[in-house]
Amino acid sequence: MAQVKYTQKDIYNRVFKEKRVGKGYDPEDVDGFLDDIIADYGVFSKRIEELQSQVGQLQNALKQAQEELSAEAPVRQAEPVSTPAPTPVAPVVEEPATPTNLDLIKRVANLERAVFGTENNANN
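Residues in the sequence shown are numbered from 1 upward in steps of one, following UniProt numbering.
The hints are simulated quantities; they were obtained by calculation from the structure and are not laboratory data. Owing to the predicted nature of the structure, the values given are computational and were not obtained by experimental measurement. Mixed in with the good hints, there may be bad ones.
[Stated by the list, open to error] Listed next, the in silico EDC-like pairs over lysine to aspartate or glutamate satisfying Cα-Cα at most 16 Å (straight line):
# : residue 1 : residue 2
1 : K5        : D31
2 : K9        : D40
3 : K17       : D31
4 : K9        : D26
5 : K9        : D31
[Said to hold, decoys possible] Derived CB-CB ranges, DEER-like:
#  : residue 1 : residue 2 : range
6  : V115      : A85       : 53 to 59 Å
7  : Q64       : F16       : 51 to 57 Å
8  : D35       : L69       : 49 to 55 Å
9  : D26       : E49       : 40 to 46 Å
10 : L51       : N13       : 26 to 32 Å
11 : A61       : P27       : 49 to 55 Å
A virtual CB, placed ideally from N, CA and C, is assigned to each residue, including glycine.
Just need the whole structure built from these sequences, with the hints factored in.
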């Protein structure tokens with residue numbers, strides 16, 4: 001992590017050089033702005049301390065939980081799980097996707113009977 005270049009005190013005690021009269025920034029405006037920055041630094045410092053404290057607490061809680069878990073691990077044993085035997089399934093016979101010649105002949109015969117009737121089939 002990068003180090004902070006200026007502390008609140010460094011910013012507060014900083015003196016800027018003035019070049020020429022009439023040129024540059026209003027010193028009161030600069031001082032007001034720097035006062036705001038100093039206040040922000042204070043807020044950031046407090047927040048960082050709070051977060052570091054919280055991280056420490058969470059790390060301790062994690063360590064305790066891991067120790068408890070490792071202490072319980074040898075006591076616990078996995079119970080064997082019985083799985084039911086699979087039920088036998090009859091094999092599925094698939095019909096061909098494309099009709100065979102015999103299927104086509106049967107379909108033509110059924111259509112002829114439906115269109116021409118049974119009389120025509122008796123004559124053939």
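Hint by hint, here is what the structure shows:
1. K5 <-> D31: violated (19 Å)
2. K9 <-> D40: Judged against 16 Å, a Cα distance of about 13 Å means the pair holds.
3. K17 <-> D31: holds (13 Å)
4. K9 <-> D26: Given pair K9, D26 is violated - Cα atoms ~21 Å apart, limit 16 Å.
5. K9 <-> D31: Since the Cα atoms of K9 and D31 sit roughly 13 Å apart, the hinted pair holds (cutoff 16 Å).
6. V115 <-> A85: 53 to 59 Å: For V115 and A85 the Cβ distance comes to about 56 Å; the hint holds.
7. Q64 <-> F16: 51 to 57 Å: holds (53 Å)
8. D35 <-> L69: 49 to 55 Å: At roughly 51 Å between Cβ atoms, L69 and D35 fall inside 49 to 55 Å, so the hint holds.
9. D26 <-> E49: 40 to 46 Å: Roughly 35 Å apart at Cβ, these two residues miss the hinted range, so it is violated.
10. L51 <-> N13: 26 to 32 Å: Holds, at about 28 Å.
11. A61 <-> P27: 49 to 55 Å: Given about 51 Å between the Cβ atoms, the range holds.
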